[in-house]
Amino acid sequence: MRQPSVVARRVAAASVSLVVAAGAAACGPKDNDAKGSGGDSAPHKGGTLSVLNSEPQQDFDPARLYTSGGGNVPSLVFRTLTTRNRENGAAGAKVVPDLATDTGRPSKDATVWTYTLKKGLKYEDGTPITSADIKYGIERSFAPELSGGAPYLRDWLVGAADYQGPYKDKTGLSAIETPDARTIVFHLNKPEGEFPYLATQTQFTPVPKSKDTGTKYEEHPISSGPYKVVKNENDGEHLVLERNTYWSTAVDAERKAYPDTIDVRSGLDSSVINQRLSASQGADAAAVTTDTNLGPAELAKVTGDKELAARVGTGHFGYTNYIAFNPTVKPFDNVKVRQAISYAIDRSSVINAAGGSALAEPATTYLPNQKSFGYEPYDLFPAGRTGNPEKAKELLKEAGYKSGLTLTLTHSNDKNFETSPEIATAIQDALKKAGITVKLQGLEDNDYRDKIHSVKTEPGFFLAHWGADWPSGGPFLAPIFDGRQIVKDGANFNTGLLNDKSVNDEIDAINKLTDLDAAAKRWGALDKKIGEQALTVPLFHPVYKRLYGKDVKNIVISDWTGVLDISQVAVK
Amino acid sequence: MSEALVASQAPGTDTPVPGASGARQFWRRLRVQRAALVAAVVVALLVLVALAAPLLTALEGQDPTTYHPSLIDSARGGVPIGSFGGIGADHWLGVEPQTGRDLFARLVYGARVSLGVALAATVVQVAIGVAVGVASALGSRWVDQLLSRTTDIIVAMPLMIMSLALLAIVPSSFPRPVLVTLVIGLIAWGNIAKIVRAQTLTLKGLDYVSAARLSGWNTWRIARRELLPGLAAPVITYAALLVPMNISVEAALSFLGVGVKPPTPSWGQMLTSADVWYQAAPQYLLLPAGALFVTVLALTVLGDGVRTALDPRAASRLRVGTGRKSESESENGTGTGKEETA
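One line per chain: the protein sequences are A and B, in this order. Residue numbering for the first sequence is 1 to 572, as defined by full-length UniProt numbering. Residue numbering for the second sequence is 1 to 342, as defined by full-length UniProt numbering.
With the rest of the complex left out, here is chain A (with noise of 0.2 Å):
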């Protein structure tokens, strides 16, 4: 029932933008006089979109910002060298330019990547965007006081280990040259053929160096994309966005920017914004929300109501929720209990407990299913749909454990349906028919995850789960089972301590491979193989189901992010 409406309005959505672009070229890119040439086909232009958020915009600068793609909001307002494609579906997964012409030129080894800005790019003010700017703006990033981004700039990039940012050290990194003032050139210390995917993070963003305020940049940020800040409340927790002048779908691909105004609130229970959205009256006709889903409890309601229905907007994100052994851990070294609960395993109940079919997909690779991560569907240990307590007792029985097994699950006591009591349960319930007890620790959250992650706490048998920075194999199965990534003492997310020669050996073969769709299989291939070691039991993949006002058209869903695009949307 639902896929084919997903399906069918994909294919709308593609021919509404298809429809667009003719239209603008037709009448002309800019101006928000276009709503009487585009009929009732094309997206209105022009009104005010209101966002319903939990958490507040924090920290809103391009620095500090640690976001996926380059997010949903700062996306509006930075534009970085590359970005994701704005697209349904898989498609929507890929990476492609934005402020540069193309996704990187590297050199032979993947060591060099060069980059060209487009023609013509200005800020709200209507200064040029130079590459020296964006040099600017990525050892800022580099700076104490500005921390919050991803790590890769400061692991990836040649000498910039101990960088401590452009406020200290005026000479600035040598690794990032700017031959002229549409060039930029990155020097790596190792082959990272993934480097387009991190440039779409807004560490990538052009900041004017005479215009940084330090700390106090994220109150007015100089915008490069389509909207400027024009107001911003409580650290993000208002945020009012309008139109910049000097942006036009002429230099910009990717974002649609139909609304005038973007009106982001925050500080709102989850509850209240998916009541709110359901109720979709007055100014929340024309609402959305970039940071809630709708429960289990919620989608009961929702799915029984046709208009409410058609309201929801699905979709994917590269995530894995899983069950996790530390095999120095009795009994858990023996590889032949760890399958024995692969097999043990039933998913539909631990689906249930995780919302039900519509909002989680079962899982038995680590990596997500989906194409940009290299997916090959395999399933090592079949449990079916429910569990093979027959196979798992045979497996116990050859591993010493005839009159079955006790064991103590960790969780986290957070009620988030990923890692709570709810599953922990679920697992209980379906382990008790091989044979093997359960016992739960419930944790309180942040108690959990410091356990976990630490070498010297860790947990034998614990709930986990993995969401990658994009969507590629490579961050996702990198951290988690590069064996040169065990951290003895801070976060260590190799959880299963897995330092295997010829696995490391792999990553770092796939990572000279700058051919992103060759690189993907060899990733599949990789989980394959690591999965043989059962050192997780793949449980599901969530699907984001999220609520949208009666007045809001052109959805735009991509596997990168799974949640609707807000550059893509329309009010009426």
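Simulated from the structure, these hints should not be mistaken for lab results. Nothing here was measured: the structure is a model prediction, and the numbers come from that model. Some clues are possibly wrong.
Claimed, not checked - Covered stretches of chain A (in silico footprint by chain B; criterion: 3 or more residues with CB under 8 Å from a CB of chain B, positions within the stretch not fixed): (1) 157 to 166; (2) 351 to 363; (3) 422 to 433; (4) 508 to 521.
To be verified - Chain A side only, calculated, beta carbon under 10 Å to chain B, not exhaustive: (5) H238; (6) T386; (7) K415; (8) K439; (9) L440; (10) G442; (11) D447.
Glycine included, C-beta positions come from ideal geometry on N, C-alpha and C.
Knowing the structure of chain A, use the given hints to seat chain B on it.
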């Protein structure tokens, strides 16, 4: 006749001395309060249900932990299939959303946790409260100061926050219901200690206690033989009101996720899972909420009845057990107050 004598011996001290005959008098006074009687029946039923939980669920043919995925609509968030949350011959009160576990079984097993923890915690509170109160009243000035100030601190401590803190630091291998019992018991004994101390101080000055002391009894014997019987009434009264409070606290702790561990059902835990379902599956929320409401109300009314029955002034208004009026007459009302004994 003796009860009347006892009751009038110490007017104004609120201290009938219950003995074998005191219990009879208490029962007669309780019996005439209809609300208290109904509440007593309800409480008795709840206790019975809690004790007979395995029997009742066996009768239904269900248990509180088995998942029934076929009874919920997974595509709609796991809402129970069928009207009123899947109520039917197999599942008397329907099933739980997302799991399909039997709600009747979870409710009756939840009663065990709620009542068990609340009653046990009350015992702990009374034991500590009486010990501290009596020791404080009979001890030296320094002992009194020390214990009274400790009691003040305990009373001033916010119950929920302290419980949350304590429950968070104890390793999770400790049996959870025992832990919750101990935490509630160890934090909320302050008021009972204060009441016992005040009462003991009053009793200490009475002639029969002085007589006992003059005849050479030691403090321990006086406390045991002369004071404790006199303390029974206020302690029982207060304890009766503590039980419903403890039930609420246990439910609140479970609601916040630090109570008993899943899959053991408890009403507070059911409430916390159910709160988002109030529109899609209202019975899921209404059942534990209703159970809590009825239990706390019944226990509070019963506690109030107990207080009335143990308070000679209030009891005289009932015109029962004072020896003045017959029981049958007093059934009709709680008295006008004009005929109150002075």
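Checked hints:
1. 157 to 166: With 0 residues closer than 8 Å to chain B, the segment 157 to 166 of chain A misses the three-residue bar; violated.
2. 351 to 363: It holds, with 8 qualifying residues against the three required.
3. 422 to 433: holds (count 6)
4. 508 to 521: violated (count 0)
5. H238: violated, 27 Å
6. T386: holds, 7 Å
7. K415: Because about 7 Å separates K415(A) from the closest Cβ in chain B, which is inside the 10 Å limit, the hint holds.
8. K439: Holds. Min distance 8 Å.
9. L440: holds, 6 Å
10. G442: holds, 6 Å
11. D447: This hint holds: D447(A) lies near chain B, its Cβ roughly 8 Å from the closest one there, short of 10 Å.
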